[in-house]
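Following the hints, put chain B in place on chain A, whose structure we already have.
One line per chain: the protein sequences are A and B, in this order. Quick note on numbering: this note's numbering labels position 128 of the first sequence as 128, and the sequence is numbered without any gaps. Quick note on numbering: this note's numbering labels position 37 of the second sequence as 37, and the sequence is numbered without any gaps.
No wet-lab data here; the hints were simulated from the structure. Predicted model only: the values in this text are computed from it and were never measured. Where is the CB? At the ideal position from N, CA and C, for every residue including glycine. Hints may contain errors.
[Stated by the list, open to error] Keeping only pairs whose Cα atoms sit at most 25 Å apart, straight-line, the calculated BS3-like set for lysine-lysine is:
hint : chain 1 : residue 1 : chain 2 : residue 2
1    : A       : K84       : A       : K40
2    : A       : K144      : A       : K187
3    : A       : K84       : B       : K259
4    : B       : K192      : B       : K259
5    : B       : K301      : B       : K319
6    : B       : K259      : A       : K146
[Said to hold, decoys possible] Covered stretches of chain B (chain A as the covering partner; in silico rule of three or more C-beta atoms under 8 Å from a C-beta of chain A):
hint : stretch
7    : 263-273
8    : 281-289
[To be verified] Residues from chain A shown here face chain B by an in silico Cβ test under 8 Å; the list is partial:
hint : residue
9    : R90
10   : R91
11   : M95
12   : F97
13   : F103
14   : P104
15   : H105
16   : F114
17   : A115
18   : W118
19   : M167
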Amino acid sequence: MSAKIESNIATDETVIEMRNVNKWYGSFHVLKDINLTVAKGERIVICGPSGSGKSTMIRCINHLEEHQEGEITVNGTRLDENLKNITHIRREVGMVFQQFNLFPHMTILDNLCFAPVWARNMPRAEAEETALRYLERVGIGEQKNKYPGQLSGGQQQRVAIARALCMSPSIMLFDEPTSALDPEMIKEVLDVMIELAETGMTMLCVTHEMSFARSVADRVIFMDEGEIVEENAPAAFFDSPRMDRTQKFLSQILSH
Amino acid sequence: MQSRTVTFHASPPRPAPVNQTNAIGWMRRNLFGGWKDTAITLVLLAILLSFVPDLIQWLFLNATYQGDDDVCRQNGGACWPFIIEKFQVLMIGVYPQDLSWRPAVSALALMGLAALTYSGRIRGVTLIAAWAILPIFALIMIGGAFGMQKVDQSVWGGLMLSIMLALVGVIVSIPLGVLLALGRHYGSPTVKVLCVTFIELLRGVPLITILFMASVMMPLFLPPELVINNLLRIQIGMILFSSAYMAEVVRGGLQAIPKGQTEASLSLGVTPARTIAFVVVPQALRHVLPPLIGRCIALFKDTSLVIIVGLLDFLGMVKGAALDTDWLGFQAEAYVFAAFVYWLICYSLSLYGRRLEQRGPSAHT
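Chain A with its partners taken away, still in its complex shape (with noise of 0.2 Å):
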């Protein structure tokens, strides 16, 4: 993993501001009380353990997942039952979700150019222009014309990856991006994100890589039981952990 990203790029603009945000399953409370202020360009990495409501929090920031209580808004525009502030939205933040969701019907190119196409009408010479830009950032430019079923799992991840970005967003959301990544696959999606933080994205990423966390990340986030238990800056979040329910939790997944 690559060094220590300065971690001054943040501003104090806020992007994401989740207020007393609750939600629940039917009778189940997964949600509770959750406040969080992103900054711009911030590189936030978020654990816990499985159940915790840690991909149902990011979920809630592009309405993917319904919050029932509280208040949502991303650069500004609050977030309502109104879909075309949701669609809004959507188009500002990128998401990358643990299982691809790779478009298996597209080619390579097809899967880059849909969005653009489709949801900013750009014309399709230009999106396959940025597409191939994208692609070839994360490495996979000569696989253009295959399908997802075709590629490796870390290669669908990095074409997902620039998926996302071909739509330009302010703000990327990972959803345990690596988690279904054989071992040896799992670095060279790293290293795509890595590459994204270097360049002042805003990211909020559902991760259990701590040597990813501890070397990019500006905050890291622990949630247990639809809470935020603690938050600190990566070094003292692993190093000194306050709260028990945080060092139980490091206890397990570092011992391995």
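Below, chain B without anything else, positioned relative to chain A:
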């Protein structure tokens, strides 16, 4: 202890074992593998021997290929001159003979488009547009418009009419079925109830009932100025019937699309409607291509039912030919020919569908 570098060399690949099976080996393994296999083989062989030689005798050896009905009766075998003489009427009914090039052009257009689709030369929107235009083109060619001589629908018949009914039926009922399936899958409770009611109502009655309704009962309920011609009414009946089945087939495909696909598209800021149109539906249709082709074949065969509401489709013409007093006693030939044509078309469709499945991205995964 001295450390030693061990280099890893991949062992060279070996050729696959030679397939040593020849015809006798294959038979021994597959037909006479044990006493049970042997018994089954012998019984089936006996059954085949009991009728296949006679059939071949009748179909080909004793058959008449030239001559009139008297020659046929002397030879005792199948009478193919009868089919040859009736060929045109079986294909296009009593459609004017001097205009028969027009249905022929339509048929060529159909085959040409099928070939283009198969080759993958045209895709996406162009492909859909081409298939949407095809039946309109065929109707114009057959019916006559833009200065071409008009041919009344009452003289449309034969295989041309069967294919016409099936083609229009399939091309209109697939999009209708997709809409119904989408309504049932994504719609609001009201839309859902409407779609389910329509689908279950039409699937709950036999096609014959619907054809009777369309042909006999609809004119009773509609005001006289709204009465449309019989053929169109029957076509609409077939489309509605078929779309209910198509809807259920497509719904199966919709259920097979993982949630992550919609989420990925939505997260890119693509609207829900476009997500369904470009991400969900194309994948769903690809998943259900085999049963979809099955429905097309079924619809083609179902067109033979229109004979009971007075349309003379292919089977209707076959029946008529069999009753011709010049050629009395050759019904068997007429029905064998009908069965052969139906089989040929349905099997081609099935083969075409299977090839279509093997192409496309799903074949790569």
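Results of checking the hints against the structure:
no.: 1; hint: A:K84 to A:K40; verdict: 23 Å, holds
no.: 2; hint: A:K144 to A:K187; verdict: 22 Å, holds
no.: 3; hint: A:K84 to B:K259; verdict: 22 Å, holds
no.: 4; hint: B:K192 to B:K259; verdict: 20 Å, holds
no.: 5; hint: B:K301 to B:K319; verdict: 16 Å, holds
no.: 6; hint: B:K259 to A:K146; verdict: 23 Å, holds
no.: 7; hint: 263-273; verdict: holds (count 10)
no.: 8; hint: 281-289; verdict: holds (count 3)
no.: 9; hint: R90; verdict: 4 Å, holds
no.: 10; hint: R91; verdict: 3 Å, holds
no.: 11; hint: M95; verdict: 4 Å, holds
no.: 12; hint: F97; verdict: 6 Å, holds
no.: 13; hint: F103; verdict: 6 Å, holds
no.: 14; hint: P104; verdict: 6 Å, holds
no.: 15; hint: H105; verdict: 5 Å, holds
no.: 16; hint: F114; verdict: 7 Å, holds
no.: 17; hint: A115; verdict: 4 Å, holds
no.: 18; hint: W118; verdict: 5 Å, holds
no.: 19; hint: M167; verdict: 6 Å, holds
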